[in-house]
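Colleague: These are the residues of each chain, in order.
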Amino acid sequence: MASRAIIGQYWPEESLVHAMDPRVKFILAFVLMAAVFCGTTPLSLGVAALFVVGFYAASRIPLLQAVRAIGPLLVLVVLTAALNVLFVQGGEVYFQFGIICISEEGLRSAGFIGCRLLLLLMGMSLLTLTTTTLDITAAFERLLAPLARLGVPAHELGMILGIALRFLPQFMTELGIIYRAQKSRGARFDSNPFKGGIQSLTALLIPLFTSAFRHAETLSAAMEARCYHGGEGTTRLSPLRLSWRDAVGISALLIMIAAVIAANYVPLSF
Amino acid sequence: MRLAFEDVSYSYEGGEAKKKRKGRAGRQADWGNAPDAVWALRQVSFTVEPGEFLGVAGHTGSGKSTLIQHMNGLVHPTCGRVLADGRDLAEKGVASDVRRSVGLVFQYPENQLFANTVYDDVAFGPRNMGLDAEEVDRRVREGLELVGLSFDELSERSPFDLSGGQQRRVAFAGVLAMEPAVLVLDEPVAGLDPLSREEFLGLIRELHSDGRTIVMVSHSMEDLAALCDRILVLSEGRVFRLGTPAEVFADAPALKSVGLGAPAPQAFASALREAGFTLDRPLYNEKTLAADIAAQMTGRGGNG
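Top line first, the protein sequences correspond to chains A and B.
Numbering of the first sequence is given in our numbering, commencing with residue 1 and proceeding in unit increments.
Numbering of the second sequence is given in our numbering, commencing with residue 1 and proceeding in unit increments.
The hints are simulated quantities; they were obtained by calculation from the structure and are not laboratory data.
What you are looking at is a predicted structure, and each value in this text was computed from that prediction instead of being measured.
Be aware that one or more of the hints could be misleading.
Said to hold, decoys possible - Every beta carbon over 12 Å from chain A, so not counted as near; a handful from chain B, in silico: (1) H59; (2) L149; (3) S150; (4) P265; (5) L283; (6) A290; (7) D292.
To be verified - The following label-pair restraints were derived from C-beta to C-beta distances: (8) L205/A - S209/B: 37 to 45 Å; (9) G233/A - D193/B: 40 to 48 Å; (10) G211/B - E13/A: 53 to 61 Å; (11) E156/B - L205/A: 19 to 27 Å; (12) E52/B - E13/A: 50 to 58 Å; (13) Q43/B - L64/A: 26 to 34 Å; (14) L205/A - Q107/B: 17 to 25 Å; (15) G130/B - I160/A: 40 to 48 Å; (16) M1/B - L64/A: 39 to 47 Å; (17) F213/A - S209/B: 38 to 46 Å; (18) H219/B - L205/A: 29 to 37 Å; (19) R60/A - A271/B: 49 to 57 Å.
Stated by the list, open to error - Under the rule of at most 25 Å between Cα atoms (straight-line distance), these lysine to any residue pairs were calculated in the SDA-like manner: (20) K92/B - G176/A; (21) K92/B - R180/A; (22) K287/B - H219/B; (23) K92/B - M129/B; (24) K92/B - Y179/A; (25) K92/B - R81/B; (26) K92/B - C227/A; (27) K256/B - T244/B; (28) K256/B - V239/B; (29) K256/B - F46/B; (30) K92/B - G186/A; (31) K256/B - R42/B; (32) K92/B - I177/A; (33) K92/B - L204/A.
Glycine included, C-beta positions come from ideal geometry on N, C-alpha and C.
Hey, can you work out the whole structure from these sequences and the hints?
Modeller: Structure, rendered in structure tokens:
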């Protein structure tokens with residue numbers, strides 16, 4: 001029922017980034033992370049930020065949505081920044097109270113690490129925002145395919161990933177219903193978890209697990225009824241093909257890395 | 001207990017409704033819900049009178065499930081109030097108090113079974129109420145008896161070993177063991193075979209004649225016509241009709257416009273009226289309709 005934005009939700013749109021090959025996007029997402037890590041000065045991080053914003057513009061996803069999609073993870077960003085403020089010391093001291101000491105170096109590092117983390121998260125969520133779970137699964141499977149010769153069950157892993165992603169929202173919904181049903185029977189989930197809370201917790205988890213098993217049984221029956229027999233010889237309705245868009249994406253990222261590294265060497269004094 | 005809805009509106013997106021409407025609500029694919037349905041309930045006002053059997057009907061997505069979740073304070077209105085004997089459910093502590101006297105049975109309640117034994121599952125509610133072991137035991141026995149299950153045979157068995165129909169009875173007993181004055185049922189007979197269906201409806205009828213207030217959501221107009229004192233029809237979150245079955249089912253075209261139909265005998269009766277029969281009763285079931293038709297046919301036969 002709750003339709004809150006979940007991390008990794010797909011944002012349907014027609015754009016260059018959406019139309020890229022999911023395999024390329026999958027790899028580029030990691031390259032993008034590496035590119036962000038290449039930036040070691042505020043200026044180069046700014047350059048990286050410009051590129052990330054540019055990629056979002058190319059994917060036609062409003063920046064506000066992008067931030068909202070990583071919403072819960074922003075806590076991580078804030079926490080990391082706060083830890084940096086407290087533990088990195090040096091330079092001018094602005095505020096001191098007991099063991100709490102806020103210094104120039106601490107603030108600078110907090111800002112830098114916070115921005116870097118934010119960019120990393122935004123880079124990763126660009127992949128999930130522009131790629132359907134089906135495509136991510138397919139990309140994952142194809143990229144693992146070389147490992148299949150070594151005995152890695154690439155197709156099965158891809159299928160597991162796909163099914164897991166597909167059922168996440170389903171289980172969220174069901175958990176909500178079970179939660180309300182047990183609450184109707186007087187279960188108190190908000191009270192002390194050490195006082196009768198374990199009982200309440202099993203009242204949530206066991207129905208959830210039985211429902212997961214039920215879904216698994218139905219799903220496997222439905223797959224077998226459609227003659228699913230594993231990855232051997234399975235074809236795709238729309239096979240993944242590289243196109244000019246992928247060349248554009250790869251070039252854009254190469255330029256980004258070059259620009260970020262170059263920016264590292266630009267002397268900048270505050 | 002009297003449950004009064006005063007101008008209740010509810011939006012799943014709470015206070016942010018307006019803001020989000022512009023942003024994502026319009027375009028987000030949502031599992032099962034229409035993306036543009038920002039308001040699940042709009043200005044709903046009615047009262048559940050003590051001792052009555054109120055039916056709730058409405059097309060899928062008309063707000064039935066949301067409505068009944070207001071009745072024991074699982075959700076609180078975005079605007080308006082729900083009063084249980086004059087006490088506002090949104091006030092602190094009132095909802096958990098009211099949950100002892102308003103029992104809510106969700107759709108497919110057997111999916112919420114969790115305990116090792118039938119006994120423990122039925123005892124979950126009473127134990128949460130903080131009753132002593134003796135009283136819990138009495139209520140478990142009574143709950144199982146009410147739903148027609150044998151305490152001696154089943155109480156120590158795992159609920160997951162039972163048949164679907166029995167599981168639903170156990171889940172039902174779990175709510176009845178809390179001895180609620182008001183019983184709210186969401187599609188209680190959905191997915192049951194015809195025989196268990198009849199048994200279950202009989203059980204609900206008995207629970208009502210024992211003096212409990214019953215609110216029942218159903219898609220079956222026949223069941224509602226047969227059981228209810230009053231029927232509330234929801235459409236797109238608004239109260240579309242509220243009245244006795246005869247009043248509500250008198251206007252079949254209006255019901256059709258909100259995706260519902262009249263019960264089959266009632267629809268047949270109005271078709272016959274158009275064909276020239278005089279059928280005077282406001283509400284028909286199979287038996288009364290057959291009797292009246294037979295009376296007219298023999299009457300005609302005698303005249304002609």
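Colleague: All the hints need checking, so say for each whether the structure fits it.
Modeller: Against the structure, the hints come out as follows:
no., hint, result
1, H59, "holds, 17 Å"
2, L149, "holds, 18 Å"
3, S150, "holds, 22 Å"
4, P265, "holds, 35 Å"
5, L283, "holds, 33 Å"
6, A290, "holds, 41 Å"
7, D292, "holds, 43 Å"
8, L205/A - S209/B: 37 to 45 Å, "holds, 38 Å"
9, G233/A - D193/B: 40 to 48 Å, "holds, 41 Å"
10, G211/B - E13/A: 53 to 61 Å, "holds, 58 Å"
11, E156/B - L205/A: 19 to 27 Å, "holds, 23 Å"
12, E52/B - E13/A: 50 to 58 Å, "holds, 51 Å"
13, Q43/B - L64/A: 26 to 34 Å, "holds, 32 Å"
14, L205/A - Q107/B: 17 to 25 Å, "holds, 20 Å"
15, G130/B - I160/A: 40 to 48 Å, "holds, 44 Å"
16, M1/B - L64/A: 39 to 47 Å, "holds, 46 Å"
17, F213/A - S209/B: 38 to 46 Å, "holds, 39 Å"
18, H219/B - L205/A: 29 to 37 Å, "holds, 31 Å"
19, R60/A - A271/B: 49 to 57 Å, "holds, 55 Å"
20, K92/B - G176/A, "holds, 21 Å"
21, K92/B - R180/A, "holds, 17 Å"
22, K287/B - H219/B, "holds, 22 Å"
23, K92/B - M129/B, "holds, 17 Å"
24, K92/B - Y179/A, "holds, 19 Å"
25, K92/B - R81/B, "holds, 14 Å"
26, K92/B - C227/A, "violated, 55 Å"
27, K256/B - T244/B, "holds, 18 Å"
28, K256/B - V239/B, "holds, 15 Å"
29, K256/B - F46/B, "holds, 23 Å"
30, K92/B - G186/A, "holds, 15 Å"
31, K256/B - R42/B, "holds, 21 Å"
32, K92/B - I177/A, "holds, 22 Å"
33, K92/B - L204/A, "holds, 24 Å"
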